[in-house]
Amino acid sequence: MAGVQVSNVSRSFGAHKALDDVSIDFADGGFYALLGPSGSGKTTLLRQIAGFDFPDSGRISIGGESVERVPVEKRRIGMVFQNYALFPNMSVSDNVAFGLSVRGEPKAVIASEVQRALDLVQLGTLGGRRPHQLSGGQRQRVALARAIVTTPRVLLLDEPLGALDKALRVDMQIELKRIQREIGITTIFVTHDQEEALTMSDRIGILRDGKLVQEGPPEEIYDRPKSEFAATFLGDANILRGNATGTGIRLPDGTGIAASAGVTLVAGMKASCAVRPERIRIATNAGVPDRAHANILTGRVSKRIFAGNNSTYFVDRDGQTIKVIVQNTGIEKLAEGQQVVLRWSSESTVLIDAS
Amino acid sequence: MAVQIAAASRSGLRSALPLLAPAYLWLTVAIFLPLSAMVFFSFMTDLPRSGKPWAFTLENYAAFFSQSLYLTLLVASLRLGLEVTLWCIVIGYPAAYVLAKVLKGRSREAIFLLVILPFWSNGLVRIFSWAMVLREGGILDTALNAVLPFKINIDLMYSYPAVIIGLVHSYVPYMVLTCYLTLQAIDDSLIEAGRSLGASRLQVLKRVIIPLSMPGLVAGAVLIFVPVVGSFMEPRILGGRTGTFYGTVIEDQFVAVFNWPLGAALSFILLAVVLVILAVTSPVLRRAA
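Read top to bottom, the protein sequences are chains Y and X.
Last residue of the first sequence: 369 in the working numbering, with the numbers rising by one and none dropped.
Last residue of the second sequence: 296 in the working numbering, with the numbers rising by one and none dropped.
What the hints contain is simulated information worked out from the structure, not anything from laboratory work.
Note that CB positions come from ideal geometry on N, CA and C, so glycine has one too.
Heads up, some of the hints might be wrong.
Claimed, not checked - Using 25 Å as the maximum straight-line C-alpha spacing, the simulated DSS-like pairs for lysine-lysine come out as follows: (1) X:K108 <-> X:K213; (2) Y:K317 <-> Y:K225; (3) Y:K284 <-> Y:K337; (4) X:K111 <-> Y:K31; (5) Y:K240 <-> Y:K337; (6) Y:K225 <-> Y:K180; (7) Y:K337 <-> Y:K317; (8) X:K213 <-> Y:K88; (9) Y:K240 <-> Y:K284; (10) Y:K88 <-> X:K108; (11) Y:K121 <-> X:K213; (12) Y:K191 <-> Y:K180.
What the hints assert, rightly or not - Counterexamples of contact, computed for chain Y against chain X with all Cβ distances above 10 Å: (13) N103; (14) A177; (15) L212; (16) A281; (17) N299; (18) Q334; (19) G351; (20) S359.
Construct all of the structure, not just a fragment, from the sequences and the given hints.
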């Protein structure tokens, strides 16, 4: 087991910069999600770490050992592919045994290790089956067993749950997390599903256009996004744009917004505020201004979407639509077209440098 | 799944009949009738057209067993088939691999065209062009002597290697095409998965790629082996006196000696031998595929 350090790695394909000076430190034993839209470079980064492709510049080390020019078969990594990539000409057991067998381990060792790995993924009795006889979730488990049976230094997962349906995906998320904890392996996990990244990982790295946008624990990125992109890509956010005032921003219409989270900016700079929809209170009357609800905006409900346990209100104000998510307590139900007051605290308002 | 398909094909047979009829009608006229006539000839003492009286006989088949020459030639032809097939695998499989897995886009199309080209040229032209290359003072001989500082004599014409070269040239596209199709169907991620598990490229080739491309290798081998065993054009033109094989003897019966009954009988013995070989090897081949 080992940590992975990526330092200043760049990689171009022709004129396209797939990775642009990316540095991330993957701690030993951590569960790390690389999140980003398609084309953001997250898979390219994973393939660099795996060794399928080499960086143009920069360093990659696994467990302190420099590996950026070491081919994949010598890196001692485990990888789970998006389509599982099980060998169709082999049984489940032979698939799992492959890594040990090419290493020339004795037959008895292989048999017991394969059984142990299959038991770990709860497929102990299906060793004799062929991959095409398995369900999607079972194939996923075989792919995982095959990747970890060789006791790799790091486990790489390329959108491993992308092909599964929703219910199965949630099951597999829990399962994957359990197995990762059990063997304590450094895990790097590529996904475009922000919910998956939030629920599963210890740390998240958000990539965009080959650059690392922000990196940190899920709560930190969610509560303190450093850019509009990070704020809107991980979770939902309302972005209000204006000029910094020192304690927040002033909107173009003169309304002041107090922000006590995020960066500190010099007054006059271009700045944005990000507010999560669930942090905003919505009511028909202004109520008493207090410290917990320093920010007040008025608007008109343009749409309400009911989603069972919560409702989303779209409130129009000065040409901008603000999203508000309200738990369905059975009390509040605002009609479309109704005049409303939105209130939220300065702690829920993240100041972002927009210059 | 197989049961479902069988059931579906049974219920669909009536509606499929109009679609199948032309093909089967054609096969009946073009293959079954002439072949039946040949079977008939093979049991005759002489051709009916020659005016002489004729009778049914087994003598033509007996001739194969009474003279060791025919058996010797058949074995030589089988060996030729095997050797040509092996050379086609050695040459064709790597080419198919590069076409399917390495080249992309325009360069793939260009190389593909080069592979297919022998198909589009006339067989005789192909063979005679080899004759120009291989004979003493021919293109190969002249070119090598122009480059090399010492004098060498290359005269491959009228030899066993010349026959092999000509046949491999004619048949290697079959191997490339069948292997290309199966290799292309192998997902690249399987190769990557193998390597991520610590396997060298050679181990991936041996344990993943070759087993998965076996159907193409087998199909190519059958497509090549069967016609090469009965081939006569390449052996005759490129082999000269050394080019006497089972196929050339059959050809002689039809075009030189005019002993059609013996030629027909020898053909059917060859057909039977090939079928027996395929039947015996098919369990092995099917398991491999």
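How the hints compare with the structure:
As the CA atoms of X:K108 and X:K213 are separated by approximately 16 Å, the hinted pair is consistent with the 25 Å bound. For the suggested pair Y:K317 and Y:K225, the alpha carbons sit about 36 Å apart, so the restraint of at most 25 Å is broken. Distance hint between Y:K284 and Y:K337 is fulfilled; the C-alpha atoms sit about 23 Å from each other, no more than 25 Å. Taken as a hint, the X:K111 and Y:K31 pair is honoured in the structure, with Cα atoms around 21 Å apart against an allowance of 25 Å.
The straight-line distance between the Cα atoms of Y:K240 and Y:K337 is roughly 20 Å, inside the 25 Å bound, and the hint therefore holds. For the given pair, Y:K225 sits about 30 Å from Y:K180 by alpha-carbon distance, which is inconsistent with the 25 Å threshold. For a cut-off of 25 Å, the pair hint linking Y:K337 to Y:K317 stands: about 10 Å separates their Cα positions. Distance check on the hinted pair: X:K213 and Y:K88 sit about 18 Å apart at the alpha-carbon level, within 25 Å; holds.
For the hint pairing Y:K240 with Y:K284, the CA-to-CA distance comes to about 14 Å; that is within 25 Å, so the pair holds. Among the hinted pairs, Y:K88 with X:K108 is consistent with the structure: their alpha-carbon atoms are about 22 Å apart, no more than 25 Å. The hinted pair formed by Y:K121 and X:K213 meets the criterion: a straight-line CA distance of about 19 Å does not exceed 25 Å. Straight-line distance between C-alpha atoms of Y:K191 and Y:K180 comes to about 17 Å, which keeps the hinted pair within the 25 Å bound.
Listed as a non-interface residue, Y:N103 fails to keep its Cβ farther than 10 Å from every Cβ of chain X; the least gap is roughly 5 Å. The beta carbon of Y:A177 is kept farther than 10 Å from every beta carbon of chain X, the shortest such distance being approximately 12 Å. For Y:L212, the shortest C-beta to C-beta distance to chain X comes to about 27 Å, beyond the 10 Å cut-off, and the non-interface label holds. The Cβ of Y:A281 sits about 53 Å from the closest Cβ of chain X, beyond the 10 Å cut-off, so the non-interface label holds.
Interface exclusion of Y:N299 from chain X stands, the closest Cβ pair being 60 Å apart, more than 10 Å. No beta-carbon of chain X is positioned within 10 Å of the beta-carbon of Y:Q334; the least distance is around 45 Å. With a cut of 10 Å on Cβ distances, Y:G351 stays outside the contact zone with chain X, its closest approach being about 53 Å. Every Cβ of chain X is farther than 10 Å from the Cβ of Y:S359; the closest lies at roughly 48 Å, confirming the non-interface assignment.
Of the numbered hints given earlier, the model fails hints 2, 6, 13; all others are met.
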